[in-house]
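Novice: We have chain A already, so just place chain B on it with the hints.
2 protein chains.
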Amino acid sequence: MVLVSPRNPLNIGAVARAMANFGFERLKVVAPFAAHWQEARSAVGAEALLGAAAETATLVEAVAGCTLVAGTGTLAYRKPEQRVVSLPDLGELVEREMERGGRVGLVFGPEKHGLTREDLSYCHLLVEIPTDARQPSMNLGQAVAVCLYELAARSARDRTEAASVEGRGPAAAAERLELLAGVVERTMVAADYSPKTMRGANRHDLRLLLRRLGPTERDLRRILGLFRRILWRLER
Amino acid sequence: MVLVSPRNPLNIGAVARAMANFGFERLKVVAPFAAHWQEARSAVGAEALLGAAAETATLVEAVAGCTLVAGTGTLAYRKPEQRVVSLPDLGELVEREMERGGRVGLVFGPEKHGLTREDLSYCHLLVEIPTDARQPSMNLGQAVAVCLYELAARSARDRTEAASVEGRGPAAAAERLELLAGVVERTMVAADYSPKTMRGANRHDLRLLLRRLGPTERDLRRILGLFRRILWRLER
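So the protein sequences, as listed, match chains A and B.
No gaps in the numbering here: position 53 of the first sequence is 53 in the numbering used here, and each next residue is one more.
No gaps in the numbering here: position 166 of the second sequence is 166 in the numbering used here, and each next residue is one more.
The following block holds chain A by itself, in its conformation from the complex (with noise of 0.2 Å):
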């Protein structure tokens, strides 16, 4: 991660951050403008991956050894000169590039313009984050954490592709949704909730309800609970 003369030092602490949460390390600053960067205060959790960054005079000493270097920007305001990558579709190429050995940067510019012309320069490619045309300027630690956590949240999507995993328990079994269906249908009649006329279009609309509510057994059992104690307490 390169940050290319960043202005404001929460920024920079913000990136740290955002780096910590998406499990990155190296983070190198060309050229900042404040002194005392190191100790910004919005590093939270991330204050020894921002005391351990380097800093350096270019752009060209910061991404030395890198092998892909990707520069960000928008395309509003200028006509790109290199390759154009949208984010969604920087994953892939960072997973073959680190596949066969290689190594990758990922570069950002100052708050006010972003990368220049010349910055660019030394990228391979111009990645894209797709914003509304309407209001395409990022903050700059808020464009660092969606870059990452697209490129995070690839890999781990690969590597789970198979399981997913759904926070609920099994549903319930079709003879419990029977028994719950008929305690709900005597508690109708006790109520005097369903005229006979109505009974057969009511039981048949009560077992739709059921099954597109698709409670859990869990959740059956507390449901069966409360209706057998309003019969209990109705037929009394």
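One or more of the hints may lead you astray.
As the list makes no split between identical chains, a pair holds if one copy fits it or if it spans any two.
Claimed, not checked - With a Cα cut of at most 25 Å, we get these calculated SDA-like pairs of lysine to any residue:
{"#": "1", "residue 1": "Lys196", "residue 2": "Arg83"}
{"#": "2", "residue 1": "Lys112", "residue 2": "Ala48"}
{"#": "3", "residue 1": "Lys112", "residue 2": "Gly214"}
{"#": "4", "residue 1": "Lys196", "residue 2": "Arg236"}
{"#": "5", "residue 1": "Lys79", "residue 2": "Leu208"}
{"#": "6", "residue 1": "Lys112", "residue 2": "Leu209"}
{"#": "7", "residue 1": "Lys79", "residue 2": "Glu55"}
{"#": "8", "residue 1": "Lys28", "residue 2": "Ala54"}
{"#": "9", "residue 1": "Lys79", "residue 2": "Leu234"}
{"#": "10", "residue 1": "Lys196", "residue 2": "Gly214"}
{"#": "11", "residue 1": "Lys112", "residue 2": "Ala34"}
{"#": "12", "residue 1": "Lys196", "residue 2": "Arg96"}
{"#": "13", "residue 1": "Lys79", "residue 2": "Gly200"}
{"#": "14", "residue 1": "Lys196", "residue 2": "Gly91"}
{"#": "15", "residue 1": "Lys79", "residue 2": "Val44"}
{"#": "16", "residue 1": "Lys79", "residue 2": "Ala153"}
{"#": "17", "residue 1": "Lys196", "residue 2": "Ser86"}
{"#": "18", "residue 1": "Lys196", "residue 2": "Leu208"}
If you're looking for bench data, these hints aren't it; they were derived computationally from the structure.
Bear in mind that the values here come from a model prediction, so they are computed numbers and not experimental data.
Specialist: Chain B only, in chain A's frame:
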């Protein structure tokens, strides 16, 4: 987009900026700490959006009209009580909800500790941003940017894919679930199902249950009708 008790106006501004970046418009702020949050300087290019943001006293008011409420947070410090969805999977759910005419609310907690267990009981699901286990806690503005990027990038990705429409109507809105919860609770009391000491816990569980079941407005009217009838009989 709903922010619950944000402390730092600069963060609120950063949220507004990210919303403008990714084409989102409606911001609600619940019980903010600072008075002049609508003038936050950090809302670069999003001054109008921030000025049009609504302030409410409670989360319930803020999510009125929403048919799917998604709370955000990390699982690091809590045992979730609702369905957990990893951010990369949220887009599909949001889209499906919008396709069937629903409205989605995305809720973020205060900077220090995030949403409380009670806040989350108003949510259908908990969205987890997949962060590094050693440093899961994100800056508020960055977390919002990452979520909105995911949603915006996804819908751009999918616009071309085939639409899969479900045969259900829109889910019932948040305030309707509250109405139903109130009637069910009164029924529980009338049936001596809910002893006084358990009432708070039961109310909490009932909120969770209704959101797990996710009834449509039509389903809700039907259930409400039955419980009103029961209540009338029990209280007679």
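Novice: Would you mind marking each hint as holding or not holding in the structure?
Specialist: Checked hints:
no. : hint              : in the structure
1   : Lys196 <-> Arg83  : neither (29 Å within a copy, 40 Å between copies)
2   : Lys112 <-> Ala48  : between (27 Å within a copy, 21 Å between copies)
3   : Lys112 <-> Gly214 : neither (30 Å within a copy, 36 Å between copies)
4   : Lys196 <-> Arg236 : both (21 Å within a copy, 23 Å between copies)
5   : Lys79 <-> Leu208  : within (14 Å within a copy, 32 Å between copies)
6   : Lys112 <-> Leu209 : neither (28 Å within a copy, 41 Å between copies)
7   : Lys79 <-> Glu55   : neither (30 Å within a copy, 42 Å between copies)
8   : Lys28 <-> Ala54   : within (5 Å within a copy, 41 Å between copies)
9   : Lys79 <-> Leu234  : neither (37 Å within a copy, 38 Å between copies)
10  : Lys196 <-> Gly214 : neither (27 Å within a copy, 30 Å between copies)
11  : Lys112 <-> Ala34  : within (15 Å within a copy, 28 Å between copies)
12  : Lys196 <-> Arg96  : neither (40 Å within a copy, 39 Å between copies)
13  : Lys79 <-> Gly200  : within (19 Å within a copy, 43 Å between copies)
14  : Lys196 <-> Gly91  : neither (41 Å within a copy, 46 Å between copies)
15  : Lys79 <-> Val44   : between (37 Å within a copy, 24 Å between copies)
16  : Lys79 <-> Ala153  : between (30 Å within a copy, 22 Å between copies)
17  : Lys196 <-> Ser86  : neither (37 Å within a copy, 48 Å between copies)
18  : Lys196 <-> Leu208 : within (19 Å within a copy, 34 Å between copies)
Checked against the numbered hints given earlier, this structure breaks hints 1, 3, 6, 7, 9, 10, 12, 14, 17; the rest are met.
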